[in-house]
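Protein sequence lines, in the order shown, are assigned to chains C and E.
Okay, so the first sequence: first residue is 1 according to the numbering used here, each after it adds one.
Okay, so the second sequence: first residue is 1 according to the numbering used here, each after it adds one.
Incorrect hints may have been included.
Stated by the list, open to error - As a list, the in silico DSS-like pairs of lysine-lysine whose alpha-carbon atoms are at most 30 Å apart:
| hint | chain 1 | residue 1 | chain 2 | residue 2 |
| --- | --- | --- | --- | --- |
| 1 | C | 13 | C | 109 |
| 2 | E | 61 | E | 221 |
| 3 | C | 109 | E | 104 |
| 4 | C | 38 | E | 221 |
| 5 | E | 107 | C | 301 |
| 6 | C | 212 | C | 81 |
| 7 | C | 233 | C | 212 |
| 8 | E | 8 | C | 114 |
| 9 | E | 104 | C | 114 |
| 10 | E | 104 | C | 300 |
| 11 | C | 13 | E | 107 |
Claimed, not checked - Okay, the calculated beta carbon distance ranges per label pair:
| hint | chain 1 | residue 1 | chain 2 | residue 2 | range |
| --- | --- | --- | --- | --- | --- |
| 12 | C | 202 | E | 11 | 19 to 29 Å |
| 13 | C | 255 | E | 111 | 24 to 34 Å |
| 14 | C | 22 | E | 163 | 19 to 29 Å |
| 15 | C | 71 | E | 89 | 37 to 47 Å |
| 16 | C | 201 | E | 234 | 56 to 66 Å |
| 17 | C | 255 | E | 11 | 16 to 26 Å |
| 18 | C | 236 | E | 89 | 21 to 31 Å |
| 19 | E | 17 | C | 297 | 34 to 44 Å |
| 20 | C | 156 | E | 111 | 35 to 45 Å |
| 21 | C | 77 | E | 189 | 30 to 40 Å |
| 22 | C | 22 | E | 117 | 22 to 32 Å |
| 23 | C | 81 | E | 104 | 22 to 32 Å |
| 24 | C | 233 | E | 163 | 50 to 60 Å |
| 25 | C | 49 | E | 179 | 15 to 25 Å |
Hint data in this document are derived by calculation from the structure and do not stem from the laboratory.
Where a beta carbon is used, it is the ideal one built from N, C-alpha and C, also for glycine.
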Amino acid sequence: MPALPVKTGGLGKTLRRDWFLYAILVPFVLWYILFAFKPMYGLQIAFKDYSVFQGIAGSPWAGFSHFETFLQSDYFLRVLKNTLLISLYSLLFAFPAPILLALLLNDVKNAMFKKMVQTITYLPHFISVVVVCGIVTNLLAPGNGIVNLLLEQLGFEKIYFLAVPEYFRTIFISMGIWQEMGFSAIIYIAALAGINTDLYEAAVVDGANKWKRMLNVTLPGILPTIMIMLILKIGSLLEVGYEAIILLYQPATYETADVINSYVYREGILNGRYDMATAVGLFNSVVGLLLIVISNRLSKKYTGNGLW
Amino acid sequence: MTESRGEKLFYRFNYVFLTLLMIIVLFPVLYVLSASFSSPDAVVSGRVILFPVEPTLDAYKAVFREPTIWLGYANTLFYTVAGTLVSMVLTICGAYSLSKRRLKGRKAINLMISFTLVFNAGIIPIYMNFRSLDLLDTRSAIIFGFAISTFNVIILRTFFQSVPEELEEAARIDGASEATILLQIMLPLSKAALATVTLFYAVGRWNGYFWAMVLLRSEDKVPLQVLLNRLVVQMKPSDSMMVTDSSYLIAETVIYATIVVAVLPMMLFYPFIQKYFVHGVMIGSIKG
Numbered sequence: 001m002p003a004l005p006v007k008t009g010g011l012g013k014t015l016r017r018d019w020f021l022y023a024i025l026v027p028f029v030l031w032y033i034l035f036a037f038k039p040m041y042g043l044q045i046a047f048k049d050y051s052v053f054q055g056i057a058g059s060p061w062a063g064f065s066h067f068e069t070f071l072q073s074d075y076f077l078r079v080l081k082n083t084l085l086i087s088l089y090s091l092l093f094a095f096p097a098p099i100l101l102a103l104l105l106n107d108v109k110n111a112m113f114k115k116m117v118q119t120i121t122y123l124p125h126f127i128s129v130v131v132v133c134g135i136v137t138n139l140l141a142p143g144n145g146i147v148n149l150l151l152e153q154l155g156f157e158k159i160y161f162l163a164v165p166e167y168f169r170t171i172f173i174s175m176g177i178w179q180e181m182g183f184s185a186i187i188y189i190a191a192l193a194g195i196n197t198d199l200y201e202a203a204v205v206d207g208a209n210k211w212k213r214m215l216n217v218t219l220p221g222i223l224p225t226i227m228i229m230l231i232l233k234i235g236s237l238l239e240v241g242y243e244a245i246i247l248l249y250q251p252a253t254y255e256t257a258d259v260i261n262s263y264v265y266r267e268g269i270l271n272g273r274y275d276m277a278t279a280v281g282l283f284n285s286v287v288g289l290l291l292i293v294i295s296n297r298l299s300k301k302y303t304g305n306g307l308w
Numbered sequence: 001m002t003e004s005r006g007e008k009l010f011y012r013f014n015y016v017f018l019t020l021l022m023i024i025v026l027f028p029v030l031y032v033l034s035a036s037f038s039s040p041d042a043v044v045s046g047r048v049i050l051f052p053v054e055p056t057l058d059a060y061k062a063v064f065r066e067p068t069i070w071l072g073y074a075n076t077l078f079y080t081v082a083g084t085l086v087s088m089v090l091t092i093c094g095a096y097s098l099s100k101r102r103l104k105g106r107k108a109i110n111l112m113i114s115f116t117l118v119f120n121a122g123i124i125p126i127y128m129n130f131r132s133l134d135l136l137d138t139r140s141a142i143i144f145g146f147a148i149s150t151f152n153v154i155i156l157r158t159f160f161q162s163v164p165e166e167l168e169e170a171a172r173i174d175g176a177s178e179a180t181i182l183l184q185i186m187l188p189l190s191k192a193a194l195a196t197v198t199l200f201y202a203v204g205r206w207n208g209y210f211w212a213m214v215l216l217r218s219e220d221k222v223p224l225q226v227l228l229n230r231l232v233v234q235m236k237p238s239d240s241m242m243v244t245d246s247s248y249l250i251a252e253t254v255i256y257a258t259i260v261v262a263v264l265p266m267m268l269f270y271p272f273i274q275k276y277f278v279h280g281v282m283i284g285s286i287k288g
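Using the sequences plus the hints, can you model the full thing?
Structure, rendered in structure tokens:
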């Protein structure tokens, strides 16, 4: 390639100066092309009748027929409802939990005790999804799980918790709170530490009691952080942790447990209906993208900064 | 500052509540630990609640006799070490170049990697991509296919950007090559950030299961987490784990011992690495 007319730094000059940076950038960019963008080429089978023998490019086009089939099937309402309900419940219960924990920790004066609470509540974050689900499955086991053994000792009937649709969301969300409450509190603990102590002193001088200081100093101090986290949460409304769901659910609980991505996994990987499953996955990704764009707008409007 | 009666009551309630919370968080872990050291009889009859009853090591003997556990452990170790190494090399390459504001084309590449944060192809196209690359049931798929996390690239890029440019200029005037600047100036200066990102990758690799389950078919390649799914979640311990010389051993205590063996390394390490995670969360949150 001929060198471009040199202004402040033409392409030739840039390449000569920064060849090292470009050289190490090659494997990095190659990785993104190969493992992040090349799969996007395969998204076209959402609009095709895919056949293994004809391949991605050779399979005949099918228009929006897979989307129509999905939208008209009973599965559509079920997985959409379950996805949204699990998100909504976790917004209601799992989202405030770390805020509450951070507020309580902020009032602990004993530094050792505070450190101990933090270390212990971080613990579950480091345990893998498989082990967490394994613990839940075994503690709630119908025969010899500790929960049922205790229920029996107290004179109650044993319950096969994980086979009862009504219990699934409660179990799943409680598990999420147990695993992430401590770790998610980090960001709020930092925000609380950043509140100017002069404000508290001024409030005390003004005669504000503990509760008033909490309402007028503490909460406004961490409100921007809460808003940002809330907006991020809205952006990922469809991400409901399907990796844990497919470990915990069973046919008996599909009616409350099956979410969009667990359905994609079952239809695609287990049943081999690649085109249909890709269409459902694409639906999920597109709605997810829309939610992120909307939440970014909200973020810019209310907090002044966004993801881009 | 004098405290009113109500405030004193609040502080007392606060300590009680947080203590209860610690007990609730720890209980499942303690129960698993105690049950794994107890006799199957004691566990099944509900006599184990917080402490081991009729202590025995039988469950552990059964677990350690099981060759697939050792194999799974070895595989996980390999995926964690080799995978984290590949992840770090690629992430450093990208994050370092992209931290240079003078680099032409930087904006386009930043835009490209940011796009993957908000949109991904989804489970099936990713699976089919591995198939078309002929990487199904290969260790390479696990090691290379999931090497880069854009979030970690951003953390490291942010950190590299905060290193004063004068240091680099001074080294260049002294005749240092670009590679020397990266390896002998930037990396040593970034130890804390590198440790954070390395640990993010390593813990993710150690705990990862979904794609290993989907992509790996051969028994000799599966990591511990996939094995655990079978043994502990589906509760299908292999026959060899159930047969013992002395007495019958029921699945229960063996399952609990398997869980302990699987999480032990993480439980021993995490108190020492948690500060790097906190650090990572803080850098990550600044950049959104």
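Going down the list of hints, with the structure as the test:
no. : hint                        : in the structure
1   : 13/C <-> 109/C              : violated (60 Å)
2   : 61/E <-> 221/E              : holds (24 Å)
3   : 109/C <-> 104/E             : violated (52 Å)
4   : 38/C <-> 221/E              : holds (25 Å)
5   : 107/E <-> 301/C             : holds (25 Å)
6   : 212/C <-> 81/C              : violated (40 Å)
7   : 233/C <-> 212/C             : holds (29 Å)
8   : 8/E <-> 114/C               : holds (18 Å)
9   : 104/E <-> 114/C             : violated (48 Å)
10  : 104/E <-> 300/C             : holds (28 Å)
11  : 13/C <-> 107/E              : holds (19 Å)
12  : 202/C <-> 11/E: 19 to 29 Å  : holds (22 Å)
13  : 255/C <-> 111/E: 24 to 34 Å : violated (42 Å)
14  : 22/C <-> 163/E: 19 to 29 Å  : holds (20 Å)
15  : 71/C <-> 89/E: 37 to 47 Å   : holds (45 Å)
16  : 201/C <-> 234/E: 56 to 66 Å : holds (58 Å)
17  : 255/C <-> 11/E: 16 to 26 Å  : violated (46 Å)
18  : 236/C <-> 89/E: 21 to 31 Å  : holds (29 Å)
19  : 17/E <-> 297/C: 34 to 44 Å  : holds (38 Å)
20  : 156/C <-> 111/E: 35 to 45 Å : violated (58 Å)
21  : 77/C <-> 189/E: 30 to 40 Å  : violated (55 Å)
22  : 22/C <-> 117/E: 22 to 32 Å  : holds (24 Å)
23  : 81/C <-> 104/E: 22 to 32 Å  : violated (49 Å)
24  : 233/C <-> 163/E: 50 to 60 Å : violated (33 Å)
25  : 49/C <-> 179/E: 15 to 25 Å  : violated (52 Å)
Of the numbered hints stated above, those contradicted by the structure are hints 1, 3, 6, 9, 13, 17, 20, 21, 23, 24, 25, listed in ascending order.
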